[in-house]
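**Q** These protein sequences, in sequence, are chains A and L.
Letter 137 of the first sequence, counting from 1, is numbered 137 in the working numbering, and no numbers are missing.
Letter 328 of the second sequence, counting from 1, is numbered 467 in the working numbering, and no numbers are missing.
Read the hints as simulated data drawn from the structure, not as lab findings.
Heads up, none of these hints are tricks.
Calculated lysine to aspartate or glutamate pairs in the DMTMM-like style (CA-CA distance at most 20 Å, straight line):
| # | chain 1 | residue 1 | chain 2 | residue 2 |
| --- | --- | --- | --- | --- |
| 1 | L | Lys458 | A | Glu5 |
| 2 | A | Lys6 | L | Glu181 |
| 3 | L | Lys224 | A | Asp129 |
| 4 | L | Lys458 | L | Asp281 |
Given the structure is predicted, the values throughout are model-derived calculations rather than measurements.
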Amino acid sequence: MVSLEKNMYFIPNRCVVRGNEMFASFNIGPIPADKTVLSMDLHIPVPIFGISIPVLVQELAGGWDEALMATGFVPARGPVIATVYTTPMLNECSTSLLAYEYRWRFSSLDNHGLVVQMLDPYGLIFPYDQPPYLIVTTD
Amino acid sequence: MRILHGVIEIAGQMGTLSGALKRRGHISVGYNTFHTYLGYKEHLINTTGWEIERVSHHLINFFDIFHFHYASSLMTNYADLPLIKSKGKKMIMHHWGNDVRFHDQARVNNPFVYTGDSLPNEVMHQKLASISPFIREAIVQDHEVLPYVAPYYDKVHVLPIAIELAPFVPQYPSVYKTQPLILHAPTNPAFKGTEHVERALMQLKNEFDFQYRRIENMNHAQARQLYQEADIIIDQILCGSYGLLSVESMALGKPVVAYIREDLVSRFPPELPIVNANPNTIYEQVKRLLLQPHLRYQLGIQGRQYVEKYHDSNVVAGKLIEIYQNLQP
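Could you build all of it, start to finish, from the sequences and the hints given here?
**A** Rendered as structure tokens:
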């Protein structure tokens with residue numbers, strides 16, 4: 001049995017799925033100030049598929065919210081964080097976001113979140129009712 | 140399992156249970172909107188009711204089991220409960236006492252009880268009547284709380300208060316101490332009977348040499364440091380059952396004085412070592428402890444053993460997981 005005691009789990013405070021794109025942001029301010037973050041991994045739900053597909057994870061550079069997104073708004077994109085490859089027949093992939101921990105935790109006004117995009121020719125879409133989540137491990 | 144605890148933290152229990160569930164490999168998060176000077180933060184996300192309601196649809200999608208506390212839920216007027224139910228997720232309500240202690244019912248077996256912190260009967264009834272069509276099972280910590288909620292649920296589980304034992308290193312009272320230290324830590328003096336405690340201690344001061352310290356408005360971690368120095372700890376003497384302070388004090392190997400209602404004594408394990416005292420008997424019971432340092436030491440040993448057997452969070456989590464597994468959506 002693997003102990004998850006040192007993990008904190010964060011669900012998005014904003015999340016919108018548009019087909020093969022998923023926009024999300026996380027408020028990690030509640031991490032107690034006396035804790036040091038050792039890792040911060042984004043877990044992305046993906047459809048189970050027989051071959052590995054690339055998933056682009058990119059920072060968002062401008063503000064948005066769920067109501068605004070319902071009007072068709074497209075937030076500005078920033079630098080690419082990572083391209084992650086899914087494992088065939090698994091429903092989740094992950095990537096480290098440790099580089100963003102300090103800014104998201106202590107400078108939350110700059111935290112616009114990220115966009116995840118499946119780069120495949122098969123028309124795969126993200127499940128609309130399974131949000132991504134962060135696992136933060138502390139000391 | 141993915142378990143959400145929320146949204147009112149009582150006695151650090153959401154955090155303690157989440158920590159124990161995570162040690163067993165489950166994802167568990169305590170979302171707390173009730174912020175006090177006690178400063179609970181372990182295994183919790185401290186947030187606001189407004190924020191919880193705003194992200195409730197994501198929470199409902201992500202978690203499998205919703206373990207609500209103190210008659211709370213994710214949204215005002217329990218609007219989330221039918222949504223959670225429609226998604227086939229499991230729910231359970233954990234009642235802690237003042238959220239359901241009907242005033243007149245509480246006094247039937249206990250002339251001492253203070254119910255001023257409970258809402259009016261009609262409000263508590265309305266809440267329970269709103270919850271129970273959607274949540275069919277409840278948890279309470281003991282048989283003092285159980286009768287208030289039993290009419291509303293199909294099943295009520297009794298699950299002891301949980302404590303993470305590792306930070307509580309027992310320091311048994313010395314039999315050679317000539318000036319014992321008595322501590323009383325009333326988060327709510329009216330509820331705990333502080334007036335009666337201090338009246339008895341003033342009388343005893345005329346006969347015995349001891350120190351008394353009342354701990355208030357201190358965060359929980361700081362208060363715990365002070366408990367370690369005590370030779371006797373007095374918890375509530377009105378309510379009729381024991382709470383977290385008693386459990387933590389026993390874990391530290393201290394003799395504990397608290398009121399256990401006479402009809403409830405047999406509902407606890409027979410080895411419960413709490414010195415039973417109400418406003419009429421507190422003077423005599425504390426006097427007995429002041430006169431017998433070896434008794435203080437022995438009760439300390441018994442208290443630690445009792446907590447290890449019944450209140451260790453790992454033991455409680457095992458029982459909780461069984462409850463979750465048998466819950467119907």
